[in-house]
Amino acid sequence: MGQKINPLGFRLGITQNHRSYWFAKPKKYSKVFEEDKKIRDCIELYVQKHIKNSSNYGGIARVEIKRKTDLIQVEIYTGFPALLVESRGQGIEQLKLNVQNILSSGDRRLRMTLIEIAKPYGEPNILAEYIALQLESRVAFRRTMKKAIELAKKGNIKGIKIQIAGRLNGAEIARVEWAREGRVPLQTIRARINYCYYAAQTIYGVLGIKVWIFQDEE
Amino acid sequence: MAAPALPMKPGKVGVEEAAETVHRIRITLSSKNVKNLEKVCADLIKGAKDKRLKVKGPVRMPTKVMRITTRKSPCGEGTNTWDGFELRVHKRVIDLHSPSEVVKQITSITIEPGVEVEVTIADV
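Taken in sequence, the protein lines are chains A and B.
Here the first sequence is numbered in the UniProt record's numbering, starting from 1 and rising by one per residue.
Here the second sequence is numbered in the UniProt record's numbering, starting from 1 and rising by one per residue.
Honestly, the hints are just simulated from the structure, not real lab data.
Note that the Cβ used here is the ideal one computed from N, Cα and C, for glycine as well.
Some hints could be false.
Here are a few chain B residues that face chain A, going by a calculated C-beta distance under 10 Å [stated by the list, open to error]: (1) Pro62; (2) Val65; (3) Thr69; (4) Arg71; (5) Pro99; (6) Glu101; (7) Val102; (8) Glu116.
Here are the computed lysine to aspartate or glutamate pairs in the EDC-like style, where the Cα-Cα straight-line distance is at most 20 Å [unchecked claim]: (9) A:Lys4 with B:Glu77; (10) B:Lys32 with A:Asp36; (11) A:Lys31 with B:Glu118; (12) A:Lys66 with B:Glu77; (13) A:Lys153 with A:Glu93; (14) A:Lys27 with B:Glu86; (15) A:Lys68 with B:Glu38; (16) A:Lys27 with B:Glu77; (17) B:Lys32 with A:Asp70; (18) A:Lys68 with B:Glu77; (19) B:Lys91 with B:Asp50; (20) A:Lys4 with B:Glu38; (21) A:Lys25 with B:Glu38; (22) A:Lys119 with A:Glu177; (23) A:Lys66 with B:Glu118.
What follows is a set of in silico ranges between Cβ atoms, one per label pair, in the way DEER data are often shown [to be verified]: (24) B:Gln105 with A:Lys28: 25 to 31 Å; (25) B:Thr21 with A:Asn101: 30 to 36 Å; (26) A:Glu75 with B:Leu87: 46 to 52 Å; (27) B:Arg71 with A:Leu97: 20 to 26 Å; (28) A:Leu8 with B:Glu77: 24 to 30 Å; (29) B:Gly84 with A:Lys4: 26 to 32 Å; (30) B:Ala122 with A:Leu97: 20 to 26 Å; (31) A:Leu12 with B:Thr79: 57 to 63 Å; (32) A:Gly205 with B:Arg67: 20 to 26 Å; (33) B:Ile68 with A:Leu110: 29 to 35 Å.
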């Protein structure tokens, strides 16, 4: 049996953009990289503390970070911007402050924008979060998978594959189950495939959820 | 003095803010992405030519390839397959003869993410 390469990494030069887009000389590279990770962690933490509860999920598809010489641009792609902008006007101010506190040298401006995604369930991250939520509330996994595929099909996607691995329905013996709709050509580089891995914490352990969504070719 | 937006290394003599002193200015652009780099180069040169400065065109330095070769496997078992990751750094150098303020103007217009611009000033 072979192993599959991460479809995001496979397509990085073509059909897939880098999520962090900056240049740094080798000496400073590690520091900038660490900073990127801190920004992403900070955003994740904020979402977890403020927004996630048993009926809601974060809804962040991805965070893109672009750096110019003195400007850091953080774009948060979210399917439910209303969740992140709690009180009107205040919105991401708190988030922005949090992130600014983390960035070490304050002589760089930070610009944070929220970008709304038209069809949130066409993004594998949001779909995976939805599935995780269902599984953690002990819904039968096969029903969850089918429902997730229904949700995703509302957007215009050409194919979707969901794989859940672990102690399904609390069984003692772990196994892997997957459901597919349409076609998901992982070998075709020009196919725009979005992928996400998400871990659902249940009382029986961790269920690994992988979602592949085939959007279109080229 | 307002802090410059770009990291500037002063030359041997202190940099004068007087408009007419012409300095030899070297702009070094580095990036991982050739397309963006070439675009910023072209914009810079166009901007400089519009202000009728003497420009020495983009000198393309050799590309530095930083290779990291790792075993694909997390354990030692199996056929010895290797991943070869590369990071290619492209570098272009542009020389201008101009007062420093004009240069600040030009460089502040054309910054794209992913391209690092460094300006060195050496007095003529």
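Tested hints:
| no. | hint | result |
| --- | --- | --- |
| 1 | Pro62 | violated, 16 Å |
| 2 | Val65 | violated, 12 Å |
| 3 | Thr69 | violated, 16 Å |
| 4 | Arg71 | violated, 14 Å |
| 5 | Pro99 | violated, 21 Å |
| 6 | Glu101 | violated, 17 Å |
| 7 | Val102 | violated, 18 Å |
| 8 | Glu116 | holds, 5 Å |
| 9 | A:Lys4 with B:Glu77 | holds, 18 Å |
| 10 | B:Lys32 with A:Asp36 | holds, 17 Å |
| 11 | A:Lys31 with B:Glu118 | holds, 19 Å |
| 12 | A:Lys66 with B:Glu77 | violated, 39 Å |
| 13 | A:Lys153 with A:Glu93 | violated, 35 Å |
| 14 | A:Lys27 with B:Glu86 | holds, 17 Å |
| 15 | A:Lys68 with B:Glu38 | holds, 16 Å |
| 16 | A:Lys27 with B:Glu77 | violated, 35 Å |
| 17 | B:Lys32 with A:Asp70 | holds, 18 Å |
| 18 | A:Lys68 with B:Glu77 | violated, 44 Å |
| 19 | B:Lys91 with B:Asp50 | violated, 24 Å |
| 20 | A:Lys4 with B:Glu38 | violated, 35 Å |
| 21 | A:Lys25 with B:Glu38 | holds, 18 Å |
| 22 | A:Lys119 with A:Glu177 | violated, 26 Å |
| 23 | A:Lys66 with B:Glu118 | holds, 18 Å |
| 24 | B:Gln105 with A:Lys28: 25 to 31 Å | holds, 26 Å |
| 25 | B:Thr21 with A:Asn101: 30 to 36 Å | violated, 42 Å |
| 26 | A:Glu75 with B:Leu87: 46 to 52 Å | violated, 23 Å |
| 27 | B:Arg71 with A:Leu97: 20 to 26 Å | violated, 43 Å |
| 28 | A:Leu8 with B:Glu77: 24 to 30 Å | holds, 27 Å |
| 29 | B:Gly84 with A:Lys4: 26 to 32 Å | violated, 19 Å |
| 30 | B:Ala122 with A:Leu97: 20 to 26 Å | violated, 42 Å |
| 31 | A:Leu12 with B:Thr79: 57 to 63 Å | violated, 25 Å |
| 32 | A:Gly205 with B:Arg67: 20 to 26 Å | violated, 39 Å |
| 33 | B:Ile68 with A:Leu110: 29 to 35 Å | holds, 30 Å |
Hints 1, 2, 3, 4, 5, 6, 7, 12, 13, 16, 18, 19, 20, 22, 25, 26, 27, 29, 30, 31 and 32 from the list above are not met by this structure, while the remaining hints are.
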